[in-house]
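Work out the full structure, taking the sequences as your base and the hints as a guide.
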Amino acid sequence: MLSIKNIHANIDGKQILKGINLEIKAGEVHAIMGPNGSGKSTLSSVLAGREEYEVTEGEVEFLGKDLLSLPAEDRAREGLFLAFQYPVEIPGVSTTNFIKAAVNEKRKYLGQDPLDAVSFLKMMKEKMAMVEINQSLLSRSINEGFSGGEKKRNEVFQMAMLEPKLAILDETDSGLDIDALRIVANGINKLRSSDRAILLITHYQRLLDYIQPDFVHVLYKGKIVKSGTKELALELEERGYDFITEAADMANL
Amino acid sequence: MNVSYFKDQFQQLQTGNDSAHVAALRTGSFGTFDQKGLPTTKLEEWKYTNISSLFDKDYQISPLADKTALLAAAIEEIQLPGNADANVLYFVNGRYEPSLSILKSASEDLQVMPLLEAASAGFQEIIDQHLGESSAYLKDGIHALNTSFITDAVFVHVPPGKELRHPVYIYHLADAQHQAILTQPRSLVYVSKRAKIQIVETFRTLGTQDSFSNAVMEVVVAQDATLEYYKLQNDAAHTSQVSSTHIHQIGKSHVHTVTISLNGGLLRNNLNMILDAEGNETHLYGLSLLKGKTHVDNHTLIDNKHPNCFSNQLYKNIADDSSTGIFSGRIIVQPDAQKTNAYQSNKNIILSDQATINAKPQLEIFADDVKCSHGCTVGQLDEEALFYLRARGISKELAEVLLLQAFATDILEQVKIDPLRQHIETLIQQHLSIQ
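So the sequence lines, in the order shown, correspond to chains R and U.
Position 244 of the first sequence, counting from 1, maps to 727 under the numbering used here, and the rest follow consecutively.
Position 429 of the second sequence, counting from 1, maps to 428 under the numbering used here, and the rest follow consecutively.
Just so you know, these hints were derived from the structure itself, not from any lab.
For glycine and all other residues, C-beta sits at the position ideal for the given N, C-alpha and C.
Any given hint might turn out to be false.
[To be verified] Some, not all, of what chain R presents toward chain U, calculated at C-beta under 10 Å: (1) 554; (2) 555; (3) 559; (4) 573; (5) 579; (6) 580; (7) 582; (8) 594; (9) 596; (10) 618; (11) 620; (12) 621.
The structure is reproduced here in C-alpha cells:
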C-alpha cells in the first residue's frame, strides 16, 4: 500500500530525514519509535503534505500513485489520514459541518454522490458510538475548548468517518491519561481491517500494549536504524533507546 | 461642484412653514459649510479618506422623482427579508416619502411623520432640544452641508413604555439612471423611557451614474430604553456615502449596533455614542468584507460623560484585492466618568498584497479610576487551521472560505432580527465564494 523509498527531507535548510525506506502492506500495523528529534514528526508531515518540508530525494508510492506530487487534500481523498499530535482549535467552524464537507469532498473525488442529510446523520451516530465520543462535542466548533483526550478522540472519530486506507497516528498517546488512552486505543482497534494499514508514530511503548503492532521500527537521526516485531518494543521499554542509538552512532564512525 | 453651486441650491431651498429653530439651524450650518468647505485629508479625522474627488463632478441634489415608478423598479432588489413584518419607511433621492410608508405597529406605539410636521404634532420641544446636536461632535463641512439642507426629513417617536414588536426598516432609494445624484437624507429618532426599537437602514441606487449619499441620523435614547440599530451597506461600486449616526443616551439605557459593509465605492461611517447618564451601556459591532476598490472607513466615537458606563466595540475587516479598510475608534472618558469600562477591539484579515488596513485607536482618558482597553490584530488566515482542513480532504479554496466565514460569525451573531441575520449570512457566503 505504501512504499517509501530513500526519502530525504529538510525544513528551513536543515536536513531531517536522511534516507527512509519503508514498506507497508494492507492490514498491517507498523510502529515507528525513536528519541526526540529523530524525525518522527517530519516523516508524518512529509507524508501528509505539509508544504514547509522539502523532499530533496526519494519517492513515495501510495496505492500505486506518486504521493509527493499530490496536494494535501488529494492525499486525504486518496485515503491517507493523519491524526495530529496537536489538533488545532478552529473557532467558528462547526465540527459537524466540517466532517460533512470532508466526507462529501472525498465522495466527489471518487465520483460518488454526496451523502444526504439522513444517511450522514446515521453514519455519524454509528461512528460516535464506536469511538465513544459525545454528541455535545460535535455540535461545537472544531476542537474548541476540548481537553487533550477529547481532541484525540475527535481525531479517531474523523478517522472513523473518513474510512481511510492508511491512517498515520502521530503521537496519539501524548498527553493522555490511562482512561483516555484506553478509549482512544479501543476506537483505533475497531478500525483495524485487512484492507487498512496503520502507522503509529510514538515515543513511548505504552500505546503498543493496547494496539499490537506487526512491525516496529526505530527512527534515529533521520534514518530507520532497526526493525523488528513487537518484541523490539518491549526490549526498548526495558533497555531504553541507548543500545540502539549507540550502535548506530558507532556504525557511522 | 463647489461651494458656490451649493450656495445657489441653498438659496433656492423652499423653506415654507419651518419653525424658527430649523431655519436658524440651516442658516447657521450653511455658514459653517461656507467657511470650512469640504473636509480634506489634512484634517486628522479625514486623513485616510479623501472625498474631494467625489466632488469633481456635478450632481443633481436630491431631485424630486417619480417615486412610485422608481419603487416599482427597485422593490425586488431593495426589500429585505422580514419586510412583511416591519414598519417600512422610504427615502427617495434623500427625501422621506410618507406616502410610501407602511406602518405595522399601532399609532399609539409608533409615530412617524415628516420632521417639519413634528413641531405641530406636539414634538416641538424634542426638536428644539435635539435636532442638530450632532454638530457639536461632527464639526466638519460635510456634516454641516446635510444640516443646511434639511427639508424632507423624518421624525420617528416611540412613546414611553412601548416596546415595538415590529422593526423599523428604512430604505434609501436613489435614482442615478440619468444623472449623477447627491442625496442628503436626515432622520431624528426619539426613543422614550422604557421604550424599545429596532432600526434597520439600507441603501440602493438604481442606474449606473454616480450616487453619493450624505446621510445623518440623530437618535435620542431615554432612561431604561433599548435601541438596536443595524446598517447594511450593499450597494453598487459606483455608489458612495458619508453616513453619520449620532446616538445620545440621555438616560441609563442600552444600545446595540451592527454595521455591515459588503459593497460600495467610498463608504464613511461615523458612529457616535454619547453616554450622557450614569450606567449607560453600548455595544458597537462592525464587519466589512472589502473587495475591488471598495474603501470603508469606520469612525466611532464614545463619549463617557458620567460614571459607571460600559461600552464594547468589535470591528472586523476582511480586505481583498485593492480595497481599504479603516477603523478609527475614539473613546473619551471625561473627568467625572469614574468606573468607566470601555473595551475596543479591531481584527483584520488581509488577503492580497494591494489591500490596506488602517487602524487607529484613540483613548482620551481624563478620569483616574477606569478600565479601558484597545487591541488590534492584522494578519492572514491561520496556516495551521488551513492545513488541518486540507488534511481532511477539503480543498484549499473551501478551507479559506470556511475560515473567513468563521471569522465573520461572531459579528453576524449580533444581528438579532432573524430573517435579516439569515439574509446577511447568505450575502456573506456569496461574497466569500466568488474567487
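Now the hints, each set against the structure:
1. Here the hint on residue 554(R) is kept, as its CB sits about 7 Å from the closest CB of chain U, short of 10 Å.
2. Hint status for residue 555(R) relative to chain U: holds, with the closest Cβ pair at about 4 Å, below 10 Å.
3. The beta carbon of residue 559(R) is positioned within 10 Å of a beta carbon in chain U (closest approach about 4 Å), and the interface hint is therefore held.
4. The closest approach between the C-beta of residue 573(R) and any C-beta of chain U is roughly 5 Å, which is under the 10 Å cut-off, so the hint is satisfied.
5. The interface hint given for residue 579(R) is broken, as the beta carbon of that residue sits about 13 Å from the closest beta carbon of chain U, more than 10 Å.
6. For residue 580(R), the suggested interface contact is upheld, since its CB lies about 8 Å from the closest CB of chain U, less than 10 Å.
7. Against a cut-off of 10 Å between C-beta atoms, the interface hint on residue 582(R) holds, since the closest Cβ of chain U lies about 8 Å away.
8. At about 14 Å, the closest approach between the beta carbon of residue 594(R) and any beta carbon in chain U exceeds 10 Å, and the interface hint on this residue is violated.
9. Given hint, residue 596(R) at the interface with chain U, is violated; its Cβ is 16 Å from that chain's nearest Cβ, farther than 10 Å.
10. Checking residue 618(R) against chain U: minimum C-beta separation of about 20 Å lies over 10 Å; hint violated.
11. At its closest, the beta carbon of residue 620(R) sits 16 Å from a beta carbon of chain U; the interface hint therefore is violated under the 10 Å criterion.
12. A hinted interface residue such as residue 621(R) counts as satisfied when its beta carbon comes closer than 10 Å to some beta carbon of chain U; here the least separation is about 15 Å, so the hint is violated.
When the structure is compared with the earlier hints, violations turn up for hints 5, 8, 9, 10, 11, 12 and for no others.
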